[in-house]
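Trainee: The primary structure of each chain is shown beneath.
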Amino acid sequence: MQMTNGLSVLHLFCNAGRGLQPIEVRAAVARARATDTQVVAAELLGHKAEWCFMLLGVDQTPLFHFQRELRHAGVEIVGSYLSITEVSEYAPSLPPEMLKDRLYPILPPEGKPAFCFYPMSKSRVVGANWYLESFDRRRDMMYEHGKSGRAFAGKVVQLITASTGLDTHEWGVTLFAQDLKVVKDVVYTLRFDEASAKFGEFGDFWVGEVVDPDDLLLG
Amino acid sequence: MQMTNGLSVLHLFCNAGRGLQPIEVRAAVARARATDTQVVAAELLGHKAEWCFMLLGVDQTPLFHFQRELRHAGVEIVGSYLSITEVSEYAPSLPPEMLKDRLYPILPPEGKPAFCFYPMSKSRVVGANWYLESFDRRRDMMYEHGKSGRAFAGKVVQLITASTGLDTHEWGVTLFAQDLKVVKDVVYTLRFDEASAKFGEFGDFWVGEVVDPDDLLLG
Amino acid sequence: MQMTNGLSVLHLFCNAGRGLQPIEVRAAVARARATDTQVVAAELLGHKAEWCFMLLGVDQTPLFHFQRELRHAGVEIVGSYLSITEVSEYAPSLPPEMLKDRLYPILPPEGKPAFCFYPMSKSRVVGANWYLESFDRRRDMMYEHGKSGRAFAGKVVQLITASTGLDTHEWGVTLFAQDLKVVKDVVYTLRFDEASAKFGEFGDFWVGEVVDPDDLLLG
Amino acid sequence: MQMTNGLSVLHLFCNAGRGLQPIEVRAAVARARATDTQVVAAELLGHKAEWCFMLLGVDQTPLFHFQRELRHAGVEIVGSYLSITEVSEYAPSLPPEMLKDRLYPILPPEGKPAFCFYPMSKSRVVGANWYLESFDRRRDMMYEHGKSGRAFAGKVVQLITASTGLDTHEWGVTLFAQDLKVVKDVVYTLRFDEASAKFGEFGDFWVGEVVDPDDLLLG
Amino acid sequence: MQMTNGLSVLHLFCNAGRGLQPIEVRAAVARARATDTQVVAAELLGHKAEWCFMLLGVDQTPLFHFQRELRHAGVEIVGSYLSITEVSEYAPSLPPEMLKDRLYPILPPEGKPAFCFYPMSKSRVVGANWYLESFDRRRDMMYEHGKSGRAFAGKVVQLITASTGLDTHEWGVTLFAQDLKVVKDVVYTLRFDEASAKFGEFGDFWVGEVVDPDDLLLG
Numbered sequence: 095m096q097m098t099n100g101l102s103v104l105h106l107f108c109n110a111g112r113g114l115q116p117i118e119v120r121a122a123v124a125r126a127r128a129t130d131t132q133v134v135a136a137e138l139l140g141h142k143a144e145w146c147f148m149l150l151g152v153d154q155t156p157l158f159h160f161q162r163e164l165r166h167a168g169v170e171i172v173g174s175y176l177s178i179t180e181v182s183e184y185a186p187s188l189p190p191e192m193l194k195d196r197l198y199p200i201l202p203p204e205g206k207p208a209f210c211f212y213p214m215s216k217s218r219v220v221g222a223n224w225y226l227e228s229f230d231r232r233r234d235m236m237y238e239h240g241k242s243g244r245a246f247a248g249k250v251v252q253l254i255t256a257s258t259g260l261d262t263h264e265w266g267v268t269l270f271a272q273d274l275k276v277v278k279d280v281v282y283t284l285r286f287d288e289a290s291a292k293f294g295e296f297g298d299f300w301v302g303e304v305v306d307p308d309d310l311l312l313g
Numbered sequence: 095m096q097m098t099n100g101l102s103v104l105h106l107f108c109n110a111g112r113g114l115q116p117i118e119v120r121a122a123v124a125r126a127r128a129t130d131t132q133v134v135a136a137e138l139l140g141h142k143a144e145w146c147f148m149l150l151g152v153d154q155t156p157l158f159h160f161q162r163e164l165r166h167a168g169v170e171i172v173g174s175y176l177s178i179t180e181v182s183e184y185a186p187s188l189p190p191e192m193l194k195d196r197l198y199p200i201l202p203p204e205g206k207p208a209f210c211f212y213p214m215s216k217s218r219v220v221g222a223n224w225y226l227e228s229f230d231r232r233r234d235m236m237y238e239h240g241k242s243g244r245a246f247a248g249k250v251v252q253l254i255t256a257s258t259g260l261d262t263h264e265w266g267v268t269l270f271a272q273d274l275k276v277v278k279d280v281v282y283t284l285r286f287d288e289a290s291a292k293f294g295e296f297g298d299f300w301v302g303e304v305v306d307p308d309d310l311l312l313g
Numbered sequence: 095m096q097m098t099n100g101l102s103v104l105h106l107f108c109n110a111g112r113g114l115q116p117i118e119v120r121a122a123v124a125r126a127r128a129t130d131t132q133v134v135a136a137e138l139l140g141h142k143a144e145w146c147f148m149l150l151g152v153d154q155t156p157l158f159h160f161q162r163e164l165r166h167a168g169v170e171i172v173g174s175y176l177s178i179t180e181v182s183e184y185a186p187s188l189p190p191e192m193l194k195d196r197l198y199p200i201l202p203p204e205g206k207p208a209f210c211f212y213p214m215s216k217s218r219v220v221g222a223n224w225y226l227e228s229f230d231r232r233r234d235m236m237y238e239h240g241k242s243g244r245a246f247a248g249k250v251v252q253l254i255t256a257s258t259g260l261d262t263h264e265w266g267v268t269l270f271a272q273d274l275k276v277v278k279d280v281v282y283t284l285r286f287d288e289a290s291a292k293f294g295e296f297g298d299f300w301v302g303e304v305v306d307p308d309d310l311l312l313g
Numbered sequence: 095m096q097m098t099n100g101l102s103v104l105h106l107f108c109n110a111g112r113g114l115q116p117i118e119v120r121a122a123v124a125r126a127r128a129t130d131t132q133v134v135a136a137e138l139l140g141h142k143a144e145w146c147f148m149l150l151g152v153d154q155t156p157l158f159h160f161q162r163e164l165r166h167a168g169v170e171i172v173g174s175y176l177s178i179t180e181v182s183e184y185a186p187s188l189p190p191e192m193l194k195d196r197l198y199p200i201l202p203p204e205g206k207p208a209f210c211f212y213p214m215s216k217s218r219v220v221g222a223n224w225y226l227e228s229f230d231r232r233r234d235m236m237y238e239h240g241k242s243g244r245a246f247a248g249k250v251v252q253l254i255t256a257s258t259g260l261d262t263h264e265w266g267v268t269l270f271a272q273d274l275k276v277v278k279d280v281v282y283t284l285r286f287d288e289a290s291a292k293f294g295e296f297g298d299f300w301v302g303e304v305v306d307p308d309d310l311l312l313g
Numbered sequence: 095m096q097m098t099n100g101l102s103v104l105h106l107f108c109n110a111g112r113g114l115q116p117i118e119v120r121a122a123v124a125r126a127r128a129t130d131t132q133v134v135a136a137e138l139l140g141h142k143a144e145w146c147f148m149l150l151g152v153d154q155t156p157l158f159h160f161q162r163e164l165r166h167a168g169v170e171i172v173g174s175y176l177s178i179t180e181v182s183e184y185a186p187s188l189p190p191e192m193l194k195d196r197l198y199p200i201l202p203p204e205g206k207p208a209f210c211f212y213p214m215s216k217s218r219v220v221g222a223n224w225y226l227e228s229f230d231r232r233r234d235m236m237y238e239h240g241k242s243g244r245a246f247a248g249k250v251v252q253l254i255t256a257s258t259g260l261d262t263h264e265w266g267v268t269l270f271a272q273d274l275k276v277v278k279d280v281v282y283t284l285r286f287d288e289a290s291a292k293f294g295e296f297g298d299f300w301v302g303e304v305v306d307p308d309d310l311l312l313g
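Heads up: the sequence lines are chains A, B, C, D and E, in that order.
Here the numbering used here runs 94 ahead of the position in the first sequence, where the first position is 1.
Here the numbering used here runs 94 ahead of the position in the second sequence, where the first position is 1.
Here the numbering used here runs 94 ahead of the position in the third sequence, where the first position is 1.
Here the numbering used here runs 94 ahead of the position in the fourth sequence, where the first position is 1.
Here the numbering used here runs 94 ahead of the position in the fifth sequence, where the first position is 1.
Excised from the complex, chain A in its bound form (with noise of 0.2 Å):
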């Protein structure tokens, strides 16, 4: 199964089992790259998760063999998220390069250690439904965002991918940021625009450091 347009997205969440084979671990990492699907790393801080994975690529094949030979290298998946790029349907009009920039991105960023994942939803709510306000006014709020996170360019990279149908909530959202602070401040500052302050719903934060994955620390 392939994508005709733009890549999917999965972030895998792992804790070790029982058994981990660390070497099994890092050869699957080889092969998924072997065929042409970029795999991010990072450790992650606290209790949900060890590890997350974020693997993205043009075909699912390489996706569904990567998370079943986790499972036998020992690793448990314990939390996931599957989405795709996409350009936003408020900046269609971007540049070419922009635009290959949201279908095709290439990861992780240079000097951007602190990683970030969280999905998001826009609410439908009585009072606050974003999905009966007009088309202009939603441009409107998304633009006023979009506009507010560009105060923060340089210090972080943002990947949003839309999961409507896929996952839990409508969107995912991956950050690569200079250390723990600008993520704070990145999503506090954003979330008194109205586009969230009224709107946004908001899953779990899994939080950590991006490695190498040949330097993850595994057993």
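FYI, nobody ran anything at the bench for these hints, they're computed from the structure.
Please note: incorrect hints may appear among the correct ones.
Intra- or inter-copy, both count: the list cannot distinguish identical chains.
Unchecked claim - Okay, derived cross-link-like pairs now, SDA-like style, lysine to any residue, Cα gap no bigger than 20 Å in a straight line:
1. K241 / D230
2. K142 / G297
3. K206 / D130
4. K194 / E295
5. K206 / A128
6. K249 / V152
7. K142 / S242
8. K142 / M192
9. K206 / D309
10. K142 / R196
11. K206 / N99
12. K142 / F158
13. K241 / D287
14. K142 / V251
15. K249 / Q115
16. K194 / A167
17. K249 / Q96
18. K142 / V172
19. K142 / E118
20. K142 / N109
21. K206 / Q96
Position chains B, C, D and E against the provided structure of chain A, taking the given hints into account.
Mentor: For chains B, C, D and E alone, coordinates are given in the frame of chain A:
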């Protein structure tokens, strides 16, 4: 126990347990099929489950046997959904052939490898209570919703089954699509219809790829 | 500990654990029955549990013994519901025979193999607070609700038991029906009554088939 | 760590784990009692837990020791609630004897075998925010609530303990009653009081029978 | 990965797993302290966890190492909270010494054995949306809130750390108090402030007693 009209539909979401016996899993599929029960299988992406088995049949006895045989074969059933086929009350005057397709669907369709299942209900909150709307209002909203869906004809096949009183939500939605982007596009697009925007409540999304049960990677 | 009026009702939802001893399970059923406790058994569809044992009795001591004996027999009790039989405050002037049926029901009924249990409460949210409605309004709504239910007379037998202060919800509903479609039809139809549409809050649905405990497939 | 006024109250909800050592459990109860700690025990109905141990004492050290000794004796502590005794701010001018009963209760009462514990909070939702009501309004509602409760005097003994900042809810309610019907009747009746109907939010209900710890069936 | 301003704060809530190695746990504490990381330890009451380790440091590397070493020492990390120290935006003009206390606190304080941690957010529901209030309104409410808190000066020390984008809630609150009653009194009293009554949303409460890590009862 049998259905007098339509089929019972059981989605089972599964992981390999200790001592998984792939041969016994395939034998359970074969036995179910030998009793007029359709079995659709899918490999899933993410942590929630590795496989889905979707069973459809007039008789519930093979469903009881199948789930029991899976457990005996070392399969852990970690999620499930019970529903029945129905003709929508808003579309009772369909031609006989279409009525038959609704009550006795033949699955999976050709050329639609992307698989997605999610349960849904209509909200009953103050200010957005579907069950306090008139029949005519509900029929009009469902008509708009059906029209939005038909824009994806040929790219996606959907089966909506009834589960009020049978499981956590009121309907189950099973989608077969060309790829993951089509799944996202159809669910995202329909979310703007009033029936979904204002009244739709959604459960977990189980997403992957349809696989012939004989080719399913087990163990 | 005993009831002075009516029966205590305990639903136990169970899975086979390691070292399940079917003979001991059957012996526990026999011992409970020998102490004036009714035991209804059902096989369930889906992942939540394999079996339900529903016990009804004046004395709670056999209930304590039964659940203890199940655990000792290798059964995992994964869900439960505690309630007591009652005469509805909205129908106090029933003829004696009907009052007795409510307080001392004999179960299961003949020819109704489909089994369904779910707990429910009346909402107390702002704008839909059952407990702030007058007795007359509540009685009228319950009367309408009862009338909707009577349209299914002969196809379904229901037992509504009280659980405020005893378990997560305020009532337990146990249905015995001709088939799964009848279960769906009755619960779906009644959801449009104001008592349900506006005020009904529902828990998990446990659905399957009534089985003689001696025929229950164990292990 | 000690209380300077009143008692700390710890409810522990427990299951038998592997290698349960009943003798060690009884020894832990004896040691707690030897340090001026009251221990009330109950057998519970349903799947959530087999036993409750309710400890009351000025000193928290025996509480830490007791829970540790339970774990070492093969007991799994699967639920708990931490609270402290208090004199309600709405009833500060009680006679000294009653104040003492509130701060230093002696439990369990005679002839009340039915046991029930549940935590509760006062809601702070828009339109029903207890904490935005005036003291006088709150006092009046609590007075009505107390009056409803006094109709059950002699049939039920209740202890309300404070837990804001200590556990998930703001109060813990422990009931000792003649039988399960009395528990249901009192909680159901009081639910119509404005303090409960409009503002009450309830957690899990843990229900069973008071047992002398020495008679508790262990293993 | 390092903080350029302030400290990262990691609360780890832990249980003894199989094969717990107390010596290794103490060694992990010693190693963390040797790298300029403060380690506060507490024994907890109830079922959620036996111990809390609270780590504070400029550098995150010792945090990653510590949680990894705990796992290797047979500790199960069952809960956690990640946050960073900050100077409140509503109190930016504090004297330098107080600013330093907020960004670089020295813990635990003397004579305050009662320990309490809970996370909190400001609500964004319709009718009570903190993020749609003006800065001046928010500052006034926070000023009232701070004033209420200062009435407990000397009895309680609190540390409020920021976690928007880092964990499930927006702030973490760590309290050190004279006894459990002070914890209850301060949290209960402040709940009537508009900032809490109308806008406060609270997570789990983790409560116990501060212990020197070397005296922590392990195993």
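Trainee: Hint by hint, note whether the structure agrees.
Mentor: Hint-by-hint comparison with the structure:
no. : hint        : in the structure
1   : K241 / D230 : within (16 Å within a copy, 23 Å between copies)
2   : K142 / G297 : both (13 Å within a copy, 16 Å between copies)
3   : K206 / D130 : neither (23 Å within a copy, 24 Å between copies)
4   : K194 / E295 : neither (28 Å within a copy, 34 Å between copies)
5   : K206 / A128 : neither (25 Å within a copy, 27 Å between copies)
6   : K249 / V152 : between (29 Å within a copy, 19 Å between copies)
7   : K142 / S242 : neither (30 Å within a copy, 35 Å between copies)
8   : K142 / M192 : neither (34 Å within a copy, 34 Å between copies)
9   : K206 / D309 : within (17 Å within a copy, 40 Å between copies)
10  : K142 / R196 : neither (29 Å within a copy, 28 Å between copies)
11  : K206 / N99  : between (28 Å within a copy, 17 Å between copies)
12  : K142 / F158 : between (23 Å within a copy, 13 Å between copies)
13  : K241 / D287 : within (10 Å within a copy, 29 Å between copies)
14  : K142 / V251 : neither (24 Å within a copy, 29 Å between copies)
15  : K249 / Q115 : neither (36 Å within a copy, 42 Å between copies)
16  : K194 / A167 : neither (35 Å within a copy, 47 Å between copies)
17  : K249 / Q96  : between (34 Å within a copy, 14 Å between copies)
18  : K142 / V172 : both (8 Å within a copy, 8 Å between copies)
19  : K142 / E118 : neither (23 Å within a copy, 22 Å between copies)
20  : K142 / N109 : both (8 Å within a copy, 15 Å between copies)
21  : K206 / Q96  : between (30 Å within a copy, 12 Å between copies)
In the structure shown, a violation is registered for the earlier hints numbered 3, 4, 5, 7, 8, 10, 14, 15, 16 and 19, in ascending order.
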